[in-house]
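Undergrad: Residues per chain, in single letters:
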Amino acid sequence: MNIQYLKTDFLVVGGGTAGTMAAIKAKQASPESDVLILEKANIRRSGAIAMGMDGVNTAVIPGNSTPEQYVREITIANDGIVNQKAVYETGRLGFSVIQELESWGVKFQKDHEGNYDLKQVHRVGKYVLPMPEGKDLKKILARQVKRHKVNVTNRVMATRVMVQNGRVTGAVGLDVRSGDFVVIQAKAVVLCTGACGRLGLPASGYLYGTYENPTNAGDGYAMAYHAGAELTNIECFQINPLIKDYNGPACAYVASPFGAYTANAEGHRFINCDYWSGQMMLEVYKELNSGKGPVHLKMYHLDDDTINEIETILWDNERPSRGRFHEGRGENYRTHGVEMNISEIGLCSGHSASGVWVNERAETTVPGLYAAGDMASVPHNYMIGAFVYGRIAGENAMDYLRDLEHVEPDADFLAAEQARIYAPMEQPEGVPHTQIEYKLRRLVNDYLQPPKSPNKMDIGLQKFVAYEETLNLMGARDPHELMRCMEVHFIRDCAEMAARASLYRKETRWGLYHYRLDYPEKNNEEWFCHVNLKKDGAGHMELFKRPVEPYIVDVDLIEEVYDVAVR
Amino acid sequence: MALTSQRVDVPVIVDESKCLEKCVACIEVCPLDVLVKNPETGKAYMKYDECWFCLPCEQECPTGAITVQIPFLLR
Chain A
3 MNIQYLKTDF
13 LVVGGGTAGT
23 MAAIKAKQAS
33 PESDVLILEK
43 ANIRRSGAIA
53 MGMDGVNTAV
63 IPGNSTPEQY
73 VREITIANDG
83 IVNQKAVYET
93 GRLGFSVIQE
103 LESWGVKFQK
113 DHEGNYDLKQ
123 VHRVGKYVLP
133 MPEGKDLKKI
143 LARQVKRHKV
153 NVTNRVMATR
163 VMVQNGRVTG
173 AVGLDVRSGD
183 FVVIQAKAVV
193 LCTGACGRLG
203 LPASGYLYGT
213 YENPTNAGDG
223 YAMAYHAGAE
233 LTNIECFQIN
243 PLIKDYNGPA
253 CAYVASPFGA
263 YTANAEGHRF
273 INCDYWSGQM
283 MLEVYKELNS
293 GKGPVHLKMY
303 HLDDDTINEI
313 ETILWDNERP
323 SRGRFHEGRG
333 ENYRTHGVEM
343 NISEIGLCSG
353 HSASGVWVNE
363 RAETTVPGLY
373 AAGDMASVPH
383 NYMIGAFVYG
393 RIAGENAMDY
403 LRDLEHVEPD
413 ADFLAAEQAR
423 IYAPMEQPEG
433 VPHTQIEYKL
443 RRLVNDYLQP
453 PKSPNKMDIG
463 LQKFVAYEET
473 LNLMGARDPH
483 ELMRCMEVHF
493 IRDCAEMAAR
503 ASLYRKETRW
513 GLYHYRLDYP
523 EKNNEEWFCH
533 VNLKKDGAGH
543 MELFKRPVEP
553 YIVDVDLIEE
563 VYDVAVR
Chain B
3 MALTSQRVDV
13 PVIVDESKCL
23 EKCVACIEVC
33 PLDVLVKNPE
43 TGKAYMKYDE
53 CWFCLPCEQE
63 CPTGAITVQI
73 PFLLR
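So the sequence lines, in the order shown, correspond to chains A and B.
Residue numbers for the first sequence follow the working numbering, so the first one is 3 and each next one is one higher.
Residue numbers for the second sequence follow the working numbering, so the first one is 3 and each next one is one higher.
Think of the hints as simulated: they come from the structure by calculation, not from any bench.
The C-beta atom is built at its ideal place from N, Cα and C for all residues, glycine as well.
Certain hints may be false.
Beta-carbon label-pair distances, calculated as ranges [claimed, not checked]:
#1 A:P456 to B:K20: 31 to 41 Å
#2 B:R77 to A:E528: 25 to 35 Å
#3 B:K49 to A:G539: 41 to 51 Å
#4 A:N66 to B:S19: 48 to 58 Å
#5 B:I15 to A:N117: 27 to 37 Å
#6 B:R77 to A:H303: 26 to 36 Å
#7 A:Q464 to B:K20: 22 to 32 Å
#8 A:G207 to B:K45: 28 to 38 Å
#9 B:K45 to A:P64: 36 to 46 Å
Here are the simulated lysine-lysine pairs, DSBU-like style, with alpha carbons at most 30 Å apart [unchecked claim]:
#10 A:K9 to A:K508
#11 A:K151 to B:K24
#12 A:K536 to B:K24
#13 A:K137 to A:K246
#14 B:K20 to A:K508
#15 A:K441 to B:K49
#16 B:K20 to B:K39
#17 A:K141 to B:K20
#18 A:K148 to A:K246
#19 A:K148 to B:K24
#20 B:K20 to A:K246
#21 A:K294 to B:K39
#22 A:K9 to A:K441
#23 A:K441 to A:K246
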């Protein structure tokens, strides 16, 4: 096989929301430096917002809200387990991100007086800003990447980060079309590979019928782990209330400001806030399992003009195939509720809190390794948070690497990784990746889907550990299949992390996300902390408590309990 | 190991009478890289059943040759 050697000052792994911004900001900070985006798809249509986005959910706009108010709301929504300094940055820098996006041609909704038309979806405060024309967001970002003279290598998938002498020295990967082995030397690396959206198996049984873009298979979680970085809050799963079978957003964030709401089969409200939190998900779970389920997004009480407007927004952005899904079933928002269900589990800090540990400078615990977006640990960060942390990572990395030199890759490391990647090509008649992945993700559903039982999770953990051997049975006939095989490795790593972290935290927190049947109560005395994990010196997964950083915004968590149930 | 081929109803349908032989627009934008050209005919087809029904292929096709269906299991 061919080997490609590349060299860059700053390597951005993943060209989605966070990655494109990280690269642009790095070039703005240091135009003479060489910046490279490595993307396993094509940056014009990749990442979580491949088809655009219909709004931003964490917009702190002066005159409407303050970073302090935002930090307070997210602290309460995430049951107190937050690094407030990191959340604060999303509030502090979000507005300048919005202004810069506007200067690039992204349109945000404004009222008749020209003010930002913010909507309330959170329990307290207005942070949702619609983007009814958000479908070309990714193309606009790709144009700016080009304008800033960032180098882009599409269709190359990173598989491991290189670490030598205690600092990051680059990454290796696979050209998913030619099959070339790719070695990239870099002085700093930011991982922006998105969520682990392919962890649980969707109820439809279709491997790629996920909420997240299925290319986001937990690549960054696994690569950061193997690089020795800490991960955090992994037991705080991502579980979403989604359109049943379609598995996309219903989408109450867009529709609720128009008067839509989540209702039970009797058409009644059972939650008074549609913002996605673990506690809200627990209420959905309870309602689904009561005699009053199933639940649906109710719009049929709204007038025709309002529904037309909602349809235009929902069917043109984010997941535009939603319209044809309803059409195919003969369903109409004017006459039918949108039947909703609880999704399979995933890992995603953008919606919940699980991710690679980063501080307010986007630094992981490995020098020279940064993380941003859905895979970095800033809770409830959504798209604005991905832009903000991409920017922070890009700017800080250029500062960090200024006086560093490249390091020659370690030959033994390269040989071992090459052997690992290409093993499935040696046995093209081996078990197809589809079957290996299907069984793994079905086991995730069987043993990890909340509510969490310790005995079941123990069995699951044993199966995920034993699955290392099963992965050796995989066969690939071409580089494309090889890419999928490597993704199954990432998914297995994430499954093991999810099981171990869930077993470690012996309490219930974040509503359904970490609902332990054997410890059904919150226990602040012992568990008001992060659960972090990392690969220890012997290659084992080590778990430990990490204290919550002192708050910078006062929140009385005893008084202010997140509760959205309608009683 | 014995492998068998299985018939699958694929989400991405290409109208070969409209597909341009020298065009790779759909192939370049697919996030999951599931579309390829048939080397004999030069027409695009869905080689791997790994679709997020996200629609860039359909929207970027200059001749309207592509229709994306919701995958059968979800439909």
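Undergrad: Against this structure, judge whether each hint is valid.
TA: Tested hints:
Between P456 of chain A and K20 of chain B the C-beta distance comes to about 57 Å, which lies outside the given range of 31 to 41 Å. The beta-carbon spacing between R77 of chain B and E528 of chain A, approximately 48 Å, falls outside the hinted interval of 25 to 35 Å. Range check, K49 of chain B to G539 of chain A: about 44 Å between beta-carbon atoms, so the 41 to 51 Å window is met. Checked against the hint of 48 to 58 Å, the C-beta distance between N66 of chain A and S19 of chain B comes to roughly 54 Å, which is consistent with it.
Separation of I15 of chain B from N117 of chain A is about 45 Å and departs from the stated range, judged on CB atoms against 27 to 37 Å. One distance hint, 26 to 36 Å for the beta-carbon pair R77 of chain B and H303 of chain A, holds here, with the actual separation near 28 Å. The beta-carbon spacing between Q464 of chain A and K20 of chain B, approximately 53 Å, falls outside the hinted interval of 22 to 32 Å. Remark: the range hint 28 to 38 Å for G207 of chain A to K45 of chain B is upheld by a beta-carbon distance near 30 Å.
For K45 of chain B and P64 of chain A, the hinted distance range of 36 to 46 Å is not satisfied, since their beta carbons lie about 54 Å from each other. Distance restraint check for K9 of chain A and K508 of chain A: the Cα-Cα separation of roughly 46 Å exceeds the 30 Å cut-off, and the hinted pair is therefore not satisfied. Taking the CA atoms of K151 of chain A and K24 of chain B, the gap is about 28 Å. The hint holds against a cut of 30 Å. Taking the CA atoms of K536 of chain A and K24 of chain B, the gap is near 49 Å; set against the 30 Å cutoff, the hint is violated.
Restraint check: the Cα-Cα separation between K137 of chain A and K246 of chain A comes to about 24 Å, which is no more than 30 Å; the hinted pair holds. In summary, the hint linking K20 of chain B to K508 of chain A is not supported, as the alpha carbons are separated by about 60 Å, beyond the 30 Å threshold. With a CA separation close to 22 Å, the supplied pair K441 of chain A and K49 of chain B stays within the 30 Å bound. At roughly 14 Å between alpha-carbon atoms, K20 of chain B and K39 of chain B fall within 30 Å of each other, so this suggested pair holds.
Distance hint between K141 of chain A and K20 of chain B is fulfilled; the C-alpha atoms sit about 25 Å from each other, no more than 30 Å. A hinted pair counts as satisfied when its Cα atoms are at most 30 Å apart, and K148 of chain A with K246 of chain A does not qualify at roughly 39 Å. Among the hinted pairs, K148 of chain A with K24 of chain B is consistent with the structure: their alpha-carbon atoms are about 25 Å apart, no more than 30 Å. At most 30 Å may separate the alpha-carbon atoms for a hinted pair to count; K20 of chain B and K246 of chain A exceed this at roughly 35 Å.
Taken as a hint, the K294 of chain A and K39 of chain B pair is broken in the structure, with Cα atoms around 51 Å apart against an allowance of 30 Å. Annotation: proposed proximity of K9 of chain A to K441 of chain A is violated, straight-line Cα distance about 39 Å (limit 30 Å). Distance check on the hinted pair: K441 of chain A and K246 of chain A sit about 22 Å apart at the alpha-carbon level, within 30 Å; holds.
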